[in-house]
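K.L.:
Sequences listed follow chains S and B, in order.
Residues 1453 to 1786 in the numbering used here are what the first sequence lists, from first letter to last.
Residues 991 to 1578 in the numbering used here are what the second sequence lists, from first letter to last.
Please keep in mind that the hints were generated in silico from the structure rather than gathered at the bench.
Check the hints yourself; a few may be wrong.
To be verified - Facing chain B, from chain S, some residues (calculated, C-beta under 7 Å):
#: 1; residue: Ala-1484
#: 2; residue: Pro-1486
#: 3; residue: Val-1498
#: 4; residue: Gln-1502
#: 5; residue: Glu-1509
#: 6; residue: Arg-1513
#: 7; residue: Pro-1549
#: 8; residue: Val-1627
#: 9; residue: Thr-1633
#: 10; residue: Ala-1711
#: 11; residue: Ser-1731
#: 12; residue: Pro-1733
Ideal placement from N, C-alpha and C gives every residue a C-beta, glycine not left out.
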Amino acid sequence: MPRPSGAAWRRGGGRVAQYALVLLVAVSLNFAIPRLAPGTPIDYLVPSEQVATITPEQRERVLAQFGLEKPLLEQYRLYLTGILRGDLGISAQQGRPVVDMLLERLPWTLVLVGGAITLATVIGGGAGFLSAARRGGRTEAWGLALFMFLDSMPPFWIGLLLLVFFSGYLDLLPVFGALPTSGAAGGFGLTLEFAQRLVLPLATLTMVRAGWLFLVARSSLAGELSEDYILMAEAKGLSRRQVVLGHGIRNALLPLVTAVAVEVGTVVGGATVVETVFSYPGLGRLIYESVLSRDYAVLQGAFLLLAVGVILANLLADLLYPIIDPRVRAETAR
Amino acid sequence: MVRGALERSWRPVLVFVLGLLIVVVSSPTAGGAQQSQQVERLTIATEADKGNLTPYSFRPPPGIHSELVGLVYDTLFLHPYTEEPISWLATEASANADATVWTVTLRDGVTWHDGEEFTAEDVAFTYDYYRDGPPNRYTHHASEVPVVESAEALDATTVEFTCEQPCPTLDLVTLADLPILPQHIWEDVEDPQTYTDLPVGTGPYRLAEYVEDQSYLFEANEDYFLGPPAVGEIEMPIVPDPSSMFLALQNGQVDTATRPVPPELQESLGEARDVELVEGKRFASIFYRFNAESPPLDQQEFRRALDMAVDRQALVDTVLLGNGRAGSPSFMHPDSRWFEPQDAAFDPEQAGAILDEAGITDSDGDGSREYEGEPVSLSIIVSANDPLQIRTAELVAQQLGEVGIELVPESLDPGTLSQRQNALDFELSSFQGVPHLIGDPTQMIESLESLLVYSNPEYEGLREEWFQSTSVEQQGETMRGIQRLFVEDPPALTLYYPDTTYAYNSSAYDGWIPVEGHGIHHKWSFIPEAPELLGIETVAQRTAPPEEETGGRTILYALVVAGAVVLLVLAIFLLRRRSARGSDEDQI
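If we strip away everything but chain S, and leave its shape as in the complex, we get (with noise of 0.2 Å):
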């Protein structure tokens, strides 16, 4: 393998910096959106039977608990210098650094969500591909069908209806929680209960995002299916597996790839509905709450996670696209 040029260290620098500059607009949107709502921390703080009796020293001083009294100016500096430095503020509702409500949140979101976007491109994706391979036929208008009405349906409402079917007249899974709250016995018990728990929301955030997968998937084979060298391949005598999956498949993946990469960005916000029926601790139930009660300094670290989420999501593919397509490893290289 030749050692990369000046050039490809150039343009490998270029891009780089093409994402620091995306992750400093994200930030700097991050800290103004959230004060751009009416209503400060005071509202939420204070019981309202209390807020017009409070004198403007008091009012202050709650602020100036969380750094909120300083002038927008001094806070913007300051939140900016506290990611360099790790430290993303108090958090306003819990009195604690944001940094240890965000990790905490982390892993089960990962595990949720990580976990629903697998599931969803393995079933949706592969559904979708069947579908574009048996055009015409019953898989497709059968899997056309179910994955249409998965995806009409709103998550809260699948939620509920799995809950009240397994939990409540199966009785076979727990109804709510991400663990057992008293401590559960050793590894093993522990990781059963995570698991029966991890059951539910992860199958409802599953049917809900595979459908426009499913539509990625299928019109993208099927647009590869009907190209010339397809035909090409099947003069040849390949036979229809190894043409679907050799040729077909491998050149229609670009799209789902940059579905994924997409989906990793908004289905956080997704989950928001199916942690909150699931009671899952996980960080879209955090944002909502943080909206809620105007806590800027979470909503800043969230979206912070989130944006960087989004753009190591974006590199990942773009790095993955020359691995997958010469064409485009040929055309960067020009």
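Here the structure of chain S is known, so what remains is to put chain B in place on it, guided by the hints.
P.N.:
Chain B only, in chain S's frame:
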């Protein structure tokens, strides 16, 4: 020979059997008096995260906060809605002639959860801290109504309170509501809202574990001054979704839920196995706050007409499915001891007449009245998270439409709603009355400045009278006067008082007691002495066999005993005769 032996042997046997019967029958019957049960663990689902349960970790509704704080912290008197003060951390309190200086004696031998001794210093410190520090749900008791000028520890168990103005309800309300903080911990806390350690109190439970947004775990305080509580461990998972919460109760994953059962679920939930429902008597109301600076709401007649145009009973029947009471202009909750019943007259014709007189008429016959040339159209802001409030607003809009006033409900997210309410950026606003707002007279007086922005010259006089009252009776009289004033000039439109029905699994625990203003999920449900102190029955005692059955049992037992005695006497008599005859026969 055998016959003789038989004759001889069956006598003692008969006597023995009869004697046994008498003993068995007259032994004390089990059942009747309820034993206080010792339960190892209870699971209570709660609907929201309320922080680490210090008095400063307050969050807006929904959810209970002060009852959870009450598990960990104690107050000086039992609770603020009683008829007479009931001693708790304090044993007695007495005031001087004009009720400005109070001397309070504290209980001896109470310790904090960390082993330190509870003394009068802690009480004095707490009142100063609340008065001078950042506001919370309790601070108004020391900083506004009344203003506690000083709280001084005279010795280890005596505190002297001095109020700026007469404070006759200090023991009844103030000392009964305000949780006492440990001085040795809080004297170093500058910013109480960033205090995130687990709380240390004197209460019957210790908060052993708090996992944010997931659960609480309480452990019994074995050294509690009233003895160890009835439940060893309470685990409280946080379940925000109401459907999940009640589903978990139905399938036994939790033993009770702190959220009141919505009207539409009551029937089906009550039928679930082992699930019982009980009215919790927690004060609740829905009222509409007026912005009295926004015309035509600035006119008293207009507000009065609005009040008369609303059919409250219809709201209760439709929205609450009958589970509630129609609202009254009194503002205070009907179960509060300060309440004076005032009928909210539903009279749309009279309302129309008042509006006509005020010059707000329908001049162009389009069905809606005009004020100063513009059709009267009011907007009401409601929380988007509360379907009952939204539905109520829609129905009220229909009712007001009948008298020619247009009402437009606007549903907002809770954050924006709070902000607009606090900034007075609304015309009408839907509010949920929390217990201490509609049960605690001191909070109501304060809220008439801040929350309700009530300005009425006659009220000013009554308010002054309230602040000068030197006895509970005087204050009660003034409160009644204020509530009579509210009929003509309501500070808010109280629509209804919803029932607060709670569900619990009776086979898991049945020591719950409904306490006015608090519901059933509070520390007194776990303290064996509490039902007697409060004069309230537990849910178990309520479902004990009724009087007639017990009476019937007694008669039955009496009959059996009497019968056994008669049989015994008869047997002895017959045996005597037999043996007499026998000896006669022998003699022959």
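K.L.:
For each hint, tell me whether it holds in the structure or not.
P.N.:
For each hint, the structure was consulted:
no.: 1; hint: Ala-1484; verdict: 17 Å, violated
no.: 2; hint: Pro-1486; verdict: 10 Å, violated
no.: 3; hint: Val-1498; verdict: 6 Å, holds
no.: 4; hint: Gln-1502; verdict: 5 Å, holds
no.: 5; hint: Glu-1509; verdict: 10 Å, violated
no.: 6; hint: Arg-1513; verdict: 6 Å, holds
no.: 7; hint: Pro-1549; verdict: 9 Å, violated
no.: 8; hint: Val-1627; verdict: 4 Å, holds
no.: 9; hint: Thr-1633; verdict: 4 Å, holds
no.: 10; hint: Ala-1711; verdict: 30 Å, violated
no.: 11; hint: Ser-1731; verdict: 5 Å, holds
no.: 12; hint: Pro-1733; verdict: 5 Å, holds
Going through the hint list in order, the structure does not satisfy hints 1, 2, 5, 7, 10.
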